[in-house]
Amino acid sequence: MKARVTVTLKTGILDPQGKAIEGALRALGIEGIASVRQGKMFEIELDGTADRAKAEALLKQAADKLLANTVIENYRVDVLG
Amino acid sequence: MKAAVLVFPGINRERDMARTLKLVSGQAPAMVWHAETALPAGTDLVVIPGGFSYGDYLRCGAIAARSPVMDAVRAFAAKGGLVLGVCNGFQILCEAGLLPGVLMRNQQLRFICRDVYLKVERSNTPFTRGYNAGQVIRVPVAHGEGNYIADGETVARLEGEGRVLFRYCSPDGMVDPNWNHNGAINAIAGIVNERGNVLGMMPHPENHVEASIGPTDGRGLFAGLAEALAKAA
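Protein chains in written order, with this note's numbering: chain L, 1 to 81; chain W, 1 to 233.
Simulated from the structure, these hints should not be mistaken for lab results.
Computed footprint of chain L on chain W; a stretch qualifies when at least three of its residues, placed anywhere within it, have a C-beta under 8 Å from a C-beta of chain L:
1. 49-62
2. 149-160
Quick list of the computed label-pair ranges, beta carbon to beta carbon:
3. L:Lys2 with W:Pro40: 41 to 49 Å
4. L:Ala24 with W:Gln135: 36 to 44 Å
5. W:Thr37 with L:Gln17: 34 to 42 Å
Sample of chain L residues with no beta-carbon within 12 Å of chain W, all distances over it, derived:
6. Thr6
7. Arg26
8. Leu28
9. Ser35
10. Val77
Just so it is clear, the structure is predicted and the values come from calculations on it, not from any experiment.
Each residue gets a CB set at the ideal place from its N, CA and C atoms; glycine is no exception.
When you get a sec, could you build the whole thing from the sequences and use the hints?
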């Protein structure tokens, strides 16, 4: 079973890396971009054939305990099957 | 003083820290590997030094904060034991949940390696008893992620409870955005936990302790700790 955990910065948290990327895109002449926020994406493969609910609970635990710092980050769990 | 300096893969300031602890207290600290599950018997100070634990992978300090030795540190701190985290050590303490907030990428996006001035906010703590309240000290910083941030409520609590011990300032002690090198909220350079026994700070006091090298303003922190521990013993 494959899954994806997407970690993004919470609204209102300053993202200097996103700002730098935004500036670089502007410098490249790519127009029409209002803002960029940088996040992280984890591709995760699960052992065995755990059911969906179990997989989601396990990934939520992984995100809460390590993958995201919930002081500044939000995350989303997608079980891809 | 029976100090324990934690060593994680990628840490590179542990020997500076050990040298300073020995110089100031006369006793060499134990060097404790991250995989240990207990601190040496009789440890009265845990120091988490600076560096780049696990190459700053995932988030600065994130992996180190989940290593086996940190459970022992958590238990030690819960009993009131003194813990000092410098630079990456501060990041590790935040990631471990022993201190609130996060150290974000410096606002100016640059790695900063230079001397800075710090205002010592209080002197009635085991970490700052070697200084006077309001004193300005000069110590170096070397970090890319030192921009302290926490939610508004947490910052208000830190300020209200006098838990900000060090603040970036001008040479004459003015807290001014121009001297807040990394953009930290309220120019915060170092904070303690609620109980006051865990300090995290971005600057490196351990590097300014010998007159033959330069300023010795960092010495007060270690001398004060040694005194506090000698009194407690």
